[in-house]
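All chains, please: the whole structure from these sequences, using the hints.
Protein chains: 2
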Amino acid sequence: MSTLYLLSSGPGDTDYLPPLARQALAQSEHLVAYGLYLDLLGELVNDKQRYELPLGEEIERARLALNLAAEGKATALVSSGDIGIYAMATLVFELLDHAQTHDQNPLWHTVHIDVIAGISAIQALASRCGAPIAHDFCTISLSDLLTPWEVIEKRLHAAGAGDFVIAFYNPVSRKRQWQLEKAKQILLGYRPEQTPVMIGKNLTRKNEEITQTSLLDLTVEQVDMLTLVLVGNRESTRIQTAQGQWVYTPRGYGKKL
Amino acid sequence: MSTLYLLSSGPGDTDYLPPLARQALAQSEHLVAYGLYLDLLGELVNDKQRYELPLGEEIERARLALNLAAEGKATALVSSGDIGIYAMATLVFELLDHAQTHDQNPLWHTVHIDVIAGISAIQALASRCGAPIAHDFCTISLSDLLTPWEVIEKRLHAAGAGDFVIAFYNPVSRKRQWQLEKAKQILLGYRPEQTPVMIGKNLTRKNEEITQTSLLDLTVEQVDMLTLVLVGNRESTRIQTAQGQWVYTPRGYGKKL
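Residue numbers (this note's numbering), protein chains in the order written: chain S, 273 to 529; chain P, 273 to 529.
You can take every hint at face value.
Identical copies carry no separate label here, and so any pair may be met within one copy or between two of them.
Here are the simulated lysine to aspartate or glutamate pairs, EDC-like style, with alpha carbons at most 20 Å apart:
id, residue 1, residue 2
1, K320, E343
2, K320, E301
3, K527, E332
4, K478, D496
5, K527, E422
6, K473, D386
7, K528, E329
8, K528, D375
It is worth saying that the hints were derived from the structure and are not from the lab.
This is the structure:
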């Protein structure tokens, strides 16, 4: 039996990578990933066999990782952020489920799976900006490649009605540009124009850019594929100190201060 | 100027604690926290000055941390999980805001704040169970100590209507027992009785207990103050393998497999 690690590589800077993930990397000889994620791991992945498949080949990546592990090779499938959040882990289980149902790939079922959690972009951005996700929050992917837009729109209305702090994953891509503006218009029906919005690009990486703006002033030009957008709720508050501008979402201690 | 670290200590096991947090701990002489969180850090906090304030004294903890740092002492305020998620970070910013507005504690504004993100309970539980938070999810605290129950109930309906995967933080306490059952009843109006539910107690710690059940079978007896409850959405799927039972929430690749 061999282990397949489903390994979270964190937001970018390896100072965010915990010992558990380092141990899993050390025990893996074969790494399957989108190439950029391995590059970010630097010397931690020296001397490893790399299998880099481009964006769009997610199913192929998951299959390859299962195949390698089933051959008895010490393998890790690597995603940036947390591999459990909008990333590759779920595809491995979906493939296993599909193979079981269709009586395929019996060797896959000999693979021992170990999921290694990691720090996601939402946490890196929140830590840069103060404490914006200190109360109930949600994440919404704005990619309608795999999820029908009607489902996404229903979730935007629900998040607005429930007054959740919202993180937009996959806010835009080269081909998807209008979804962020549409999401903004929906949310303006539920929260004020001046609601704090935080934009994190290349989080914890070289050329990290953090921008604070308001819901009204959020534009698609501020955002690219490596960006996370975080929208405060109706309680989220800005504070300016000598150090900079912060956003916090209070938990309700206010009256006791 | 001195730095106040707002430091996430992760779910429990220090193998989840990244180098960034270790560096911040190494640079801090004075640690303010609920005592259990420091105990979990073991030898990493040997020889530190510990200020342990019990549950319920959150405002006092945040004040103390700001005061120590303002006196020039190298200080970290420590929360388990991610200090930005239902934890102490927001209270520090709220206190700073309040002090600014009321022209109090001018020395607090000389403190440099550095928020250190960490792995939260939801991620630890998800990694144990497969990939349940692979699509849009939300977190809801069931504690009505600081948030009116009407607000929580509104969010439960929103999360149900939006079909978000849901993590319940603070599902019960010794004095709060009925909220979880009420939440369950609300969600049963939106998703099937057999919706997968995952319960994680003492995550990554000694005596960790992971239980999988269904929304219908979820009861308050399964849950205590150190428990996180994760409820799948309408797509979340169970799969039984030789290794055990997993839950994944598909992202929509299904038709392409």
